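Between the sequences and the hints, there should be enough to build the whole structure, so can you do that?
So the chains spell out like this:
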Amino acid sequence: MNFAAICVTLGLAVAAWPARADGLAPYEIVGDAIPAPLAGALGDAARGRAIVLDRQTGLCLLCHSGPFPEARFQGGLAPDLGGTGSRWSESQLRLRIVDARRLNPDTIMPPYYVVDGLTGVAKSYVGKPILGAAEIEDVVAFLATLKDKSK
Amino acid sequence: MWIGGALADEIPRDQRRSGYETMRPETRAMQDSDADNPATLWVLDGEALWNKREGAAGKSCADCHAGAAPMKAVAARFPRFDAARATPVDLEQQINICRRDRQNAPPLAAESHDLLALEAFVAKQSRGDTIEPNREPGAKESIEAGRKLFNERRGQLNLSCAQCHDDNWGKSLGGANIPQGHPNGYPLYRLEWQSLGSMGRRLRNCLSGMRAELWPRDAREYVDIEMYLMSRAAGLKMESPAVRP
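Protein sequence lines, in the order shown, are assigned to chains H and U. Per my numbering, residue 1 is the first one in the first sequence, and the count goes up by one each step. Per my numbering, residue 1001 is the first one in the second sequence, and the count goes up by one each step.
Any given hint could turn out to be false.
Said to hold, decoys possible - Derived DSSO-like pairs: lysine-lysine, alpha-carbon spacing no greater than 30 Å straight-line:
hint, chain 1, residue 1, chain 2, residue 2
1, U, Lys1237, U, Lys1140
2, U, Lys1140, H, Lys147
3, H, Lys128, U, Lys1148
4, U, Lys1140, H, Lys149
To be verified - Just the calculated beta-carbon pair ranges, DEER-fashion:
hint, chain 1, residue 1, chain 2, residue 2, range
5, U, Pro1025, H, Ala21, 50 to 60 Å
6, H, Ser124, U, Lys1171, 22 to 32 Å
7, U, Asp1114, H, Lys147, 52 to 62 Å
8, U, Gly1209, H, Ala21, 23 to 33 Å
Stated by the list, open to error - Sample of chain H residues at the chain U side, in silico, Cβ under 8 Å:
hint, residue
9, Tyr27
10, Val30
11, Arg49
12, Leu62
13, Gly75
14, Gln92
15, Pro110
16, Thr119
17, Ala122
18, Tyr125
These aren't lab readings, by the way, just hints derived from the structure by calculation. Predicted model, so just to flag it, every value in this text is computed and none were measured. Idealized CB from N, CA, C, for every residue including glycine.
Below, the structure written as structure tokens:
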């Protein structure tokens, strides 16, 4: 029995459930941004910093560099993350992490909050986004603190 | 162009660079000297296996091939399209086909010491030979299948081989230089593996990095990709068994 059938059996109004078929939190794109936090609450910058620097979780420093003196091996495929908080609002940063393909279909930056439409995903990752909603909010909160010192 | 397209264009022949060229001088020196190249251990074992009578037929590789000289340039032409079986066959598979059909011996396991040793010994006879495009009838289809896989985005990270190896070679991925991704050194000794490894092992490493599902060991996909990689490397010289970081 699927989810909808259970709801019908229990007499629940299916339409009242906002959940998406892919299990991810719903979000609305306005222009080049996602204005509302994914998890319903803003994130924590310190946790976000740890995610960005972690090579298994965030993976950001495979491609990006940034003002992180303790990270010895940084990437050279993508813009330096220093000053991102001056260049972009939190809403704009949120869309860039959630699905950068919305802004550049050819981008090499992985879509972090997507589970459908991917090819050949390893079994252990099927149905899971690279980062969860709360983790993305943490990353957004951290990136927003990376202000350009020259401004 | 496939959906979600790439900027990827194949690297022109005069701009193809072996992974060797971006290595540190110490690593290059290790590859250049047989005495320092750790792969030499496998080559020596491979030579012994080449001359050893095996299986119910009681024949050695050397019995059929009249010494090792006929193996010159052979690795520079693999994978080959096996018309009788209507399938592309890589060097590793060819060794096991000979064991089964000529020696009546059981196959050597993928990534086993003996298979890598034989492969390294055979491939070494092609050192310095230039990779030329495979013009066998039947190869074209396999090359095209490999090209498609190379350009297709895969895995949770939604990356294609081409995005790294055509579009971003020479740049740093988390501190590691991204090579053009040529097959001209396999099987090769990787310092990170502390062992000799096959092309299949390399491809599985890159696929795991993309968080992509691995194909079964003997899947046709790996050979198609290898076919395409060889056509994409035409003009480069064979370095097997190479050393890589």
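Results for each hint:
1. Lys1237/U - Lys1140/U: holds, 22 Å
2. Lys1140/U - Lys147/H: violated, 53 Å
3. Lys128/H - Lys1148/U: Status holds; Cα separation ~26 Å.
4. Lys1140/U - Lys149/H: violated, 55 Å
5. Pro1025/U - Ala21/H: 50 to 60 Å: With Cβ atoms ~55 Å apart, the hint holds.
6. Ser124/H - Lys1171/U: 22 to 32 Å: At roughly 28 Å between Cβ atoms, Lys1171/U and Ser124/H fall inside 22 to 32 Å, so the hint holds.
7. Asp1114/U - Lys147/H: 52 to 62 Å: About 60 Å separates the Cβ atoms of Asp1114/U and Lys147/H, which means 52 to 62 Å holds.
8. Gly1209/U - Ala21/H: 23 to 33 Å: For Ala21/H against Gly1209/U, whose Cβ atoms are near 29 Å apart, the range 23 to 33 Å holds.
9. Tyr27: violated, 19 Å
10. Val30: With Cβ-Cβ at 24 Å, over 8 Å, it is violated.
11. Arg49: Where the cut-off is 8 Å and the nearest Cβ of chain U is about 17 Å from Arg49/H, the hint is violated.
12. Leu62: holds, 4 Å
13. Gly75: holds, 5 Å
14. Gln92: At 21 Å from the nearest chain U Cβ, Gln92/H fails the 8 Å test, so the hint is violated.
15. Pro110: Holds - the Cβ of Pro110/H comes within 8 Å of chain U, reaching about 4 Å at its closest.
16. Thr119: At about 5 Å, which falls below the 8 Å cut-off, the nearest Cβ of chain U leaves the hint on Thr119/H intact, so it holds.
17. Ala122: holds, 5 Å
18. Tyr125: holds, 4 Å
Violated hints, in rising order: 2, 4, 9, 10, 11, 14; the structure is consistent with all others.
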